[in-house]
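*Asks:* Listed below are the residues making up each chain.
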Amino acid sequence: MLKRRLIPKLQLGLRQSFRGSQPVLMVTRRFGQRRAIGDPLSQAKIYEAQLADELVLVDLERSAESWPVLLATLESMAEALATPLAVGGGLHSFEQIQALLDRGADKVMLNSAALERPGLIDQVAGAYGAQCVVLSLDVRSDGSGGWMVWADGGRSDSGRAALAWALEAVQRGAGEVLATSIDRDGTGEGLDLPLIEALAGGLSVPLIAAGGCGLAQHFVEGYQAGAAAVAAGTFFCQRDQNPMQCRSHIRNAGLPIRLEV
Amino acid sequence: MSQPAVLVLDAGLGNIGSVVAALERQACTVKRLADPPGSEATSGFSHAVLPGVGSFTAGMKALRQRGWSDWLQQQWCPSGQPLLGICLGMQLLASRGREGAALADDATTGLGLIPGTVECMHPDGGLPLPHVGWNAVDWTVSAGSLAEGLPPCGDFYFVHSYAFTPADSAHALASADYGGMFTAVVGRGACFGVQFHPEKSQRLGRQLLNNFLALGPC
Chain F
1 MLKRRLIPKL
11 QLGLRQSFRG
21 SQPVLMVTRR
31 FGQRRAIGDP
41 LSQAKIYEAQ
51 LADELVLVDL
61 ERSAESWPVL
71 LATLESMAEA
81 LATPLAVGGG
91 LHSFEQIQAL
101 LDRGADKVML
111 NSAALERPGL
121 IDQVAGAYGA
131 QCVVLSLDVR
141 SDGSGGWMVW
151 ADGGRSDSGR
161 AALAWALEAV
171 QRGAGEVLAT
181 SIDRDGTGEG
191 LDLPLIEALA
201 GGLSVPLIAA
211 GGCGLAQHFV
221 EGYQAGAAAV
231 AAGTFFCQRD
241 QNPMQCRSHI
251 RNAGLPIRLE
261 V
Chain G
1001 MSQPAVLVLD
1011 AGLGNIGSVV
1021 AALERQACTV
1031 KRLADPPGSE
1041 ATSGFSHAVL
1051 PGVGSFTAGM
1061 KALRQRGWSD
1071 WLQQQWCPSG
1081 QPLLGICLGM
1091 QLLASRGREG
1101 AALADDATTG
1111 LGLIPGTVEC
1121 MHPDGGLPLP
1131 HVGWNAVDWT
1141 VSAGSLAEGL
1151 PPCGDFYFVH
1161 SYAFTPADSA
1171 HALASADYGG
1181 MFTAVVGRGA
1191 CFGVQFHPEK
1201 SQRLGRQLLN
1211 NFLALGPC
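Which chain is which? The protein sequence lines are F and G, in order. Using our numbering, the first residue of the first sequence is number 1, and each one after it goes up by one. Using our numbering, the first residue of the second sequence is number 1001, and each one after it goes up by one.
The set of hints was computed from the structure by calculation and includes no laboratory data. Wrong hints could be hidden among the right ones.
To give an idea of the interface, some chain F residues facing chain G are shown, with a C-beta separation under 7 Å as derived from the structure [unchecked claim]:
no.	residue
1	K3
2	L14
3	D53
4	A82
5	G104
6	Q131
7	G175
8	G202
9	S204
10	V205
11	L255
12	P256
13	R258
14	E260
Covered, in the sense of this in silico footprint (three residues per stretch, anywhere, with C-beta under 8 Å from a C-beta of chain F), are these stretches of chain G [to be verified]:
no.	region
15	1010-1020
16	1195-1206
From the three backbone atoms N, C-alpha and C, an ideal C-beta is built for every residue, glycine too.
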């Protein structure tokens, strides 16, 4: 039986040192306020030891300065880990996607660039297969029961409705959809369940839900609403959250999840 | 016994860096080659690995263009040396595959090393495709030393929409359930294929690669 996936999210910021720009692991709140947590590679190794089903690596800076740091971080992770890696954050060209896949990314996450040039999805899926393309949706409630997709790390309204855009992207070749609620990001208030229900009910590909997990029960609610996977950053980074206890809680709720190798 | 010398076929079928990295963590020497080696250089290798993602048709085209299909069919496999196909690499071992073919009823000829066909999955209950994630792999009793030390239904990481149905059920060494059973591992002689990604399957994946490297020629 296929297991539900629990995916720690690693968000990269930059820290200046005498060796130049170094990667630093960050958590965010509502896509705004940031807090530095530690070293991405050592945290990724801890997550693998704790049975992370996949890892999501996001470049928060999305700049010419952060790009080589992202590549180097990915390379070191792909070398050290035997866990699937999805990578994204400000990707804008096919060449960047090739560079990430060459360095050990299993999937790339497309967001703003796909909104500007939807044909990029067709291009990547055509070259590497649909399993390689994750459509990343950063969404905000539109105040009347729907959700709009925001671009540029949550800075600009794309004017597109979440489900309609996700359906188009899947048609073009996206093999998974990662939906992050900007309003819930880093709050620990729980996932946006109506959003998950609407997307999982309408899509033919697996849905990864993110934004708002603060309790093990929030993961359970996300899976029950139809998510194949739940991703979280802050939840795993801070306090004394034990991922194995979280997995046990999910198993005890009657959901299939890995507990031991 | 000297360390295994592994040849990774780099036919441009997507990201193979992870496969190389996973093999490098094992006790073996690893070389990735974009073009087939001559017969003298071939004899320096004890194991071959064919990784890949993408479509069947594009994959076969790439293998033929670079001369890898002839090398596998005429040099490597007749010698009885172990071969491991991973994901698309497993599917390409089949006689025929439909993914990426120009017409719906067209099929592309595969390597034909293990008789069978590769077709799109149709999971019951409207389950989403691709089949992505960790799923239990149920080994048959005849799976032999490739399954050595692996638990009966251990989880491995899958990402695919097409599946391999061997013509002879004796060539199916393991199956998994995703809205119906499908073949997760095939084997015939020294030629093996796994639909999942051992290089992404943490401890059990390492065990499986280790088992493969322990195989001798047959």
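*Asks:* So, for every hint listed, does it hold in this structure?
*Replies:* Do the hints match the structure? See the list:
no. : hint      : verdict
1   : K3        : 5 Å, holds
2   : L14       : 24 Å, violated
3   : D53       : 6 Å, holds
4   : A82       : 5 Å, holds
5   : G104      : 5 Å, holds
6   : Q131      : 4 Å, holds
7   : G175      : 5 Å, holds
8   : G202      : 11 Å, violated
9   : S204      : 6 Å, holds
10  : V205      : 5 Å, holds
11  : L255      : 13 Å, violated
12  : P256      : 9 Å, violated
13  : R258      : 5 Å, holds
14  : E260      : 9 Å, violated
15  : 1010-1020 : holds (count 4)
16  : 1195-1206 : holds (count 9)
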